[in-house]
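**Student:** Sequence:
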Amino acid sequence: MATRHELSEGSLQMIMKGSQIQSPIMQVLGSKRIASSNSDKERFRLLLSDGKHAISFAMITTQINDKVTTGELADNSIIQIKRYITSVINNTGKRNKRVLVILEMEILVPGGQLTKIGDPQQLPDNDEEDLPSKSDSSISFLTTVSKDTLMNTTTNRNVSMQNQLIHPISSLSPYQNNWVIKARVSNKSNIRTWTNSHGEGKLFNMDLIDESGEIKATVFRELVDRFYDLIEVDKVYYISKCQVKLINKQFNNLKNDFEMTFTEYTTVAECNDAANDIPQTRYDFISIDKIAHIEVGTLIDVIGICKTTSDVQTFQARSTGRELKKREVTVIDQSNCGVALTLWGNDAENFDGSLQPVIVIKGAKVGEFGGGKNISTVTLSIIKINPDILEAHSLKQWFVNEGMRNNITNISATSGAGGFRTPWINIKDVEEQGMGQGERGDYFQFKGTVLLYRSEKGFYKACPTAECKKKVTDLQNGMYRCEKCNMEFTNFKYLLLGSINVADWSGNIWLSLFASEAEKILGLSSQVVGEASENDPQALAKIAEKIHFKQFIFKCRAKMNTYNDETRLKTIAIRVDPINYKEYNAQVLSRIKQCLA
DNA sequence: CCCCCCCC
1 MATRHELSEG SLQMIMKGSQ IQSPIMQVLG SKRIASSNSD KERFRLLLSD GKHAISFAMI
61 TTQINDKVTT GELADNSIIQ IKRYITSVIN NTGKRNKRVL VILEMEILVP GGQLTKIGDP
121 QQLPDNDEED LPSKSDSSIS FLTTVSKDTL MNTTTNRNVS MQNQLIHPIS SLSPYQNNWV
181 IKARVSNKSN IRTWTNSHGE GKLFNMDLID ESGEIKATVF RELVDRFYDL IEVDKVYYIS
241 KCQVKLINKQ FNNLKNDFEM TFTEYTTVAE CNDAANDIPQ TRYDFISIDK IAHIEVGTLI
301 DVIGICKTTS DVQTFQARST GRELKKREVT VIDQSNCGVA LTLWGNDAEN FDGSLQPVIV
361 IKGAKVGEFG GGKNISTVTL SIIKINPDIL EAHSLKQWFV NEGMRNNITN ISATSGAGGF
421 RTPWINIKDV EEQGMGQGER GDYFQFKGTV LLYRSEKGFY KACPTAECKK KVTDLQNGMY
481 RCEKCNMEFT NFKYLLLGSI NVADWSGNIW LSLFASEAEK ILGLSSQVVG EASENDPQAL
541 AKIAEKIHFK QFIFKCRAKM NTYNDETRLK TIAIRVDPIN YKEYNAQVLS RIKQCLA
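Start counting the first sequence at 1; every next residue gets the next number (UniProt numbering).
Honestly, the hints are just simulated from the structure, not real lab data. Don't be surprised by glycine CBs; every beta carbon is placed ideally from N, CA and C. Check the hints yourself; a few may be wrong.
Straight line, CA to CA, 30 Å or less: simulated DSBU-like cross-link-like pairs of lysine-lysine [unchecked claim]:
id : residue 1 : residue 2
1  : Lys-520   : Lys-326
2  : Lys-249   : Lys-32
3  : Lys-202   : Lys-325
So the derived label-pair ranges between C-beta atoms look like this [unchecked claim]:
id : residue 1 : residue 2 : range
4  : Gly-201   : Tyr-581   : 56 to 62 Å
5  : Pro-578   : Ala-74    : 49 to 55 Å
6  : Lys-396   : Ile-579   : 39 to 45 Å
7  : Gly-201   : Ala-413   : 38 to 44 Å
All chains should be modelled from the sequences, with the hints used to inform the complete structure.
**Tutor:** Pasting the structure below:
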């Protein structure tokens, strides 16, 4: 049982006067959630006692919120504070108030059966010492906007005041604007311009971090000219007088309810003392299984092993016509779940997943396809491969020891029945509902019976290059030419090009099939079918007969297509699967219920 | 005051 003498009696008074006390032991009398608009980024304050005094305004850094949320830090627990900072805020204009922010703690004795130790007296809110007010000459440099004077000459003064007047980033809020932070720039964007109905302009933004937390800052218009070159990534600055406002989670992945905007009064002064107490990067990793429940569009930090990697694929953006390059990587972690990660452009081209590295992404965007979740990099994402951080090392260890052999649940898998983007229909709906008129085409699925697999022109000779599916020209000299690759080859590969008539109770429809799906239906590879046909022109017809009246689930895209001046509906079976009766029946039942309702 | 970030 803990006794009174175990607490570091009197240490609170010292700490709240600005002294650094080594690992003081305190009792947590209670914890309170600080009202916040964003439940994901809640903050807690503690009622803290050293046995002699108590304070009610000790905050904990959000990084250790889980101590409270898990219930681990029960009331009356005895803790050892491993790291803390104090900071003076001045929100009344007259009186300086010091706040204690706990950065790291160890629970020595869990609360549970403990009761309050001693009879701690509330420490007064205000420091008795006379702290410099904002009009003091010692900090006037911070409010003078002059690049030249802000630099080196201020170093000594910086050092003398850094522990007294600096506010932790986690204490910033829109309700208190008289602050100075000491923060490292962990990320800086390029200058971007915009044009919209409200006008045009330019901006850049940066991520700022300190021991207590992180915040995003944006610089607009003419202020860009003043600050862009001044601010360098990885350097530490004193920054004050920004406008602080609520974030929009869709565009901000930093762990803070607020972000800030530079104003004409904002001051930035480089901090030249080593500033080794300011961390380099902060992550708020979300385990991959949790991504399944995160709203589309949210930005998150993810760490995982690159289990598999696709080649780079090039295609035209439907909206802009721009050529895009992407690479898809399956990323897994200790939750034994995997997620599809799409890398774009240079990130896609430069990525090498062959050695199954650890990949860390700060600010990946959550997306959805066919009912499964995926993640994608966006311009503000930061990608790191095998970074030297604890999480990366333990993940690698997990992968080598067991992860590589574990069964992995892919949260990006597209769902069969009731797929969010692929409604179940009857074949007659395609015509009756005028599907395929839109720019993107219409996606749907149904259970269909194969009436006829067309055996004429059922396959073609294609470029032998792995990713290329272009038909080759037979040069009649033993060589085959691919116009797309602009190369000639001594060989080619066969690819099936299926065309099938499929029916359900309501009607029938002609579908085009890509080689991969035609192979699934026939149960044979393109190459086998092509080679069989070399000796027997009727080979495909004989094979096709065997699959007539077989049933499959057809996932289709219908889209208007113009060929030789003729525009008509073309429906492609983008995916053909055997019937999963559990899923199929569930869908039928739910449609029956809808009819009855 | 941006916030587009692409495809199946």
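**Student:** Do the Cβ positions of Lys-396 and Ile-579 conform to the proposed distance bound of 39 to 45 Å?
**Tutor:** At roughly 41 Å between Cβ atoms, Ile-579 and Lys-396 fall inside 39 to 45 Å, so the hint holds.
**Student:** Measuring from beta carbon to beta carbon, are Pro-578 and Ala-74 in 49 to 55 Å?
**Tutor:** holds, 54 Å
**Student:** Is it true that the CA of Lys-202 sits at most 30 Å from the CA of Lys-325?
**Tutor:** holds, 27 Å
**Student:** Given a hinted range of 56 to 62 Å, is it respected by the beta-carbon distance of Gly-201 and Tyr-581?
**Tutor:** About 58 Å separates the Cβ atoms of Gly-201 and Tyr-581, which means 56 to 62 Å holds.
**Student:** Just to be careful, I want the Cα atoms of Lys-249 and Lys-32 compared with a cutoff of 30 Å; is the pair within it?
**Tutor:** holds, 24 Å
**Student:** Could you check the hint for me, namely that Gly-201 and Ala-413 are 38 to 44 Å apart, CB to CB?
**Tutor:** holds, 43 Å
**Student:** Keeping to a limit of 30 Å between CA atoms, is the pair of Lys-520 and Lys-326 held or broken?
**Tutor:** holds, 26 Å
The structure fails none of the hints (numbered hints given earlier).
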